[in-house]
Amino acid sequence: MVEIYEPETDSWINGVPMNIARRGLGAGLVNGEIFAIGGYVPAGNATAIVESYDTGLGVRVKSISPWRPNFPNPQVGGVDGGDRITIVGSRFPPDAKVTIDEKPLTQMKVTEGMITGYTPAGRAGEQSVMVSSSMLDVPVRAGKFIYISPTDMVLTGINPTQGQLKGGETGKITGSGFLEGLKVEIGNIETANIFVTPNIVTFTIPPGTRGKVNVLVKNPDGTSKVLDKAYTYVGPPNIKDVDKSFIPLTGYVRGGFLKITGTGFIPTPTVRFGLAVAQEVNFISSDELEVRQPKLFDVGPLDIIVSNPDGQRDIFPDGVTSLAPLKIKIIEPTSGGLSGGTKIKIECELTVEFARKVFPSGFVDGVEVFVGEAEATDVTVLSSHIITAITPANNSGPKDLFVVNPDGSEGRLDDAFLYNPLPLITLVRPDNGKLDGGTRIEIMGSGFLPGATVQIGAGTSFSTASAV
Numbered sequence: 001m002v003e004i005y006e007p008e009t010d011s012w013i014n015g016v017p018m019n020i021a022r023r024g025l026g027a028g029l030v031n032g033e034i035f036a037i038g039g040y041v042p043a044g045n046a047t048a049i050v051e052s053y054d055t056g057l058g059v060r061v062k063s064i065s066p067w068r069p070n071f072p073n074p075q076v077g078g079v080d081g082g083d084r085i086t087i088v089g090s091r092f093p094p095d096a097k098v099t100i101d102e103k104p105l106t107q108m109k110v111t112e113g114m115i116t117g118y119t120p121a122g123r124a125g126e127q128s129v130m131v132s133s134s135m136l137d138v139p140v141r142a143g144k145f146i147y148i149s150p151t152d153m154v155l156t157g158i159n160p161t162q163g164q165l166k167g168g169e170t171g172k173i174t175g176s177g178f179l180e181g182l183k184v185e186i187g188n189i190e191t192a193n194i195f196v197t198p199n200i201v202t203f204t205i206p207p208g209t210r211g212k213v214n215v216l217v218k219n220p221d222g223t224s225k226v227l228d229k230a231y232t233y234v235g236p237p238n239i240k241d242v243d244k245s246f247i248p249l250t251g252y253v254r255g256g257f258l259k260i261t262g263t264g265f266i267p268t269p270t271v272r273f274g275l276a277v278a279q280e281v282n283f284i285s286s287d288e289l290e291v292r293q294p295k296l297f298d299v300g301p302l303d304i305i306v307s308n309p310d311g312q313r314d315i316f317p318d319g320v321t322s323l324a325p326l327k328i329k330i331i332e333p334t335s336g337g338l339s340g341g342t343k344i345k346i347e348c349e350l351t352v353e354f355a356r357k358v359f360p361s362g363f364v365d366g367v368e369v370f371v372g373e374a375e376a377t378d379v380t381v382l383s384s385h386i387i388t389a390i391t392p393a394n395n396s397g398p399k400d401l402f403v404v405n406p407d408g409s410e411g412r413l414d415d416a417f418l419y420n421p422l423p424l425i426t427l428v429r430p431d432n433g434k435l436d437g438g439t440r441i442e443i444m445g446s447g448f449l450p451g452a453t454v455q456i457g458a459g460t461s462f463s464t465a466s467a468v
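Using this note's numbering, the first residue of the sequence shown is number 1, and each one after it goes up by one.
Because the hints were derived from the structure by calculation, they are not lab data.
Ideal Cβ positions, reconstructed from N, Cα and C, are used throughout, including at glycine.
One should not assume that every hint holds.
[Claimed, not checked] 20 Å max Cα-Cα, derived EDC-like pairs, lysine to aspartate or glutamate:
id : residue 1 : residue 2
1  : Lys240    : Glu185
2  : Lys229    : Glu290
3  : Lys144    : Asp101
[Unchecked claim] Here are the computed distance ranges between Cβ atoms for each label pair:
id : residue 1 : residue 2 : range
4  : Lys109    : Thr174    : 20 to 26 Å
5  : Asn199    : Asp303    : 43 to 49 Å
6  : Ser285    : Ser384    : 41 to 47 Å
7  : Ala452    : Arg356    : 46 to 52 Å
8  : Ser384    : Thr453    : 27 to 33 Å
All chains should be built: construct the whole structure from the sequences, respecting the hints.
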């Protein structure tokens with residue numbers, strides 16, 4: 001209850017009761033009003049409530065307001081001071097002063113309804129916040145401020161280490177020494193939705209600008225740590241060039257891969273050629289990708305689309321043009337010597353069917369021929385479907401045949417040309433005979449071909465030999 005002293009009658013009268021019963025509160029008289037500040041509620045818990053009593057209006061309740069959302073009440077801060085504190089009430093005297101543990105706030109500002117300032121350096125633990133004025137008979141207690149000693153903080157990492165410019169992803173910082181009420185900044189931008197445990201902090205990554213930025217963690221006691229350039233804001237990919245302008249419809253590109261250059265690529269992107277998705281994409285760097293071309297669905301220009309796993313993408317309009325393949329029909333002859341020099345004739349089909357469509361096909365001037373990995377010479381175009389060439393030297397065994405037009409269309413015939421091995425003699429019997437000849441001999445070995453000749457010494461060559 002509230003009792004009011006009436007000087008004229010020298011008596012006490014009952015006033016309007018306080019909103020909350022308390023004990024151990026501070027009281028003061030300001031401009032004819034009684035202020036009851038702080039104290040303890042019946043449960044024994046300290047409170048920072050400020051009540052001002054007015055005989056005409058009754059009791060009004062005010063309270064100390066945290067200087068930022070979700071800040072603990074009573075407020076906490078570092079022993080080095082410098083934390084902003086706000087006390088909200090009404091009819092504060094212009095000369096009001098606030099002290100914490102008998103030390104005044106710095107940069108203090110007073111209005112009728114608010115006092116703000118920065119905490120002085122103090123002792124660790126709970127300290128009283130007092131309001132004084134020349135209009136108050138005694139200082140009144142406005143609550144508590146808890147000074148916290150600096151805590152050693154260790155940052156071990158952040159995950160993820162990169163993300164898109166718009167932010168919005170959940171970030172996690174691991175380490176130790178984290179305190180409730182800490183702040184996290186990514187590139188000088190404060191994060192939201194912070195959840196703190198002693199060893200893990202989670203938060204929502206804010207929007208940012210392209211590039212690497214620092215990650216700052218600051219405890220409410222003033223201690224802070226920085227992960228230098230630990231987070232990268234990645235903008236959308238930007239395709240600048242593709243190293244092949246024309247690609248075959250069948251999906252085979254000689255050399256295996258296309259190279260896409262640009263900026264903003266991140267690991268595990270998706271690459272499309274029109275509607276076709278590349279099945280193999282190698283991330284070389286943020287500026288380069290290697291892509292094995294998929295089988296396509298139609299001839300003509302195709303957009304190339306690179307999509308990063310974060311959903312950002314870029315479109316390179318008409319990046320490549322797909323061409324109808326060559327279909328090699330026949331090669332003659334199908335074998336030759338290791339030293340090359342064999343003249344071959346290659347024929348192709350005039351049309352080729354692909355995906356239930358028929359496309360024209362044929363050789364053009366400038367066509368190249370490869371036997372295995374070696375390029376043939378003296379390529380001559382006899383007609384749109386017949387060419388000749390001279391085989392290059394090669395090692396023994398079957399080789400694939402490749403024919404590539406200047407526009408990038410190509411054909412392939414597997415194991416089309418056999419490089420014959422050199423003949424190897426392992427046994428001759430008998431190994432002697434008459435000087436005037438006439439002895440029938442057998443030669444054992446490998447690599448003998450029909451039409452082979454046998455020469456003994458510098459004498460006569462025998463063309464009637466057969467392969468053994």
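Comparing the hints with the structure gives:
Restraint check for Lys240 and Glu185: the C-alpha separation of about 34 Å exceeds 20 Å, so the hint is violated. Only pairs whose Cα atoms come within 20 Å are accepted, and Lys229 paired with Glu290 is rejected, the gap being roughly 28 Å. At roughly 10 Å between alpha-carbon atoms, Lys144 and Asp101 fall within 20 Å of each other, so this suggested pair holds. Taken as a hint, the range 20 to 26 Å is violated for the pair Lys109 and Thr174, whose Cβ atoms sit roughly 40 Å apart.
Taking the beta carbon of each, Asn199 and Asp303 are about 48 Å apart, inside 43 to 49 Å as hinted. Checking the proposed 41 to 47 Å range against Ser285 and Ser384 shows it holds: the Cβ atoms sit about 43 Å from each other. A C-beta distance of roughly 49 Å is found between Ala452 and Arg356, which places it inside the suggested range of 46 to 52 Å. At about 40 Å, the beta-carbon gap between Ser384 and Thr453 misses the expected band of 27 to 33 Å.
When held up to the earlier numbered hints, the structure conflicts with 1, 2, 4 and 8 and fits the remainder.
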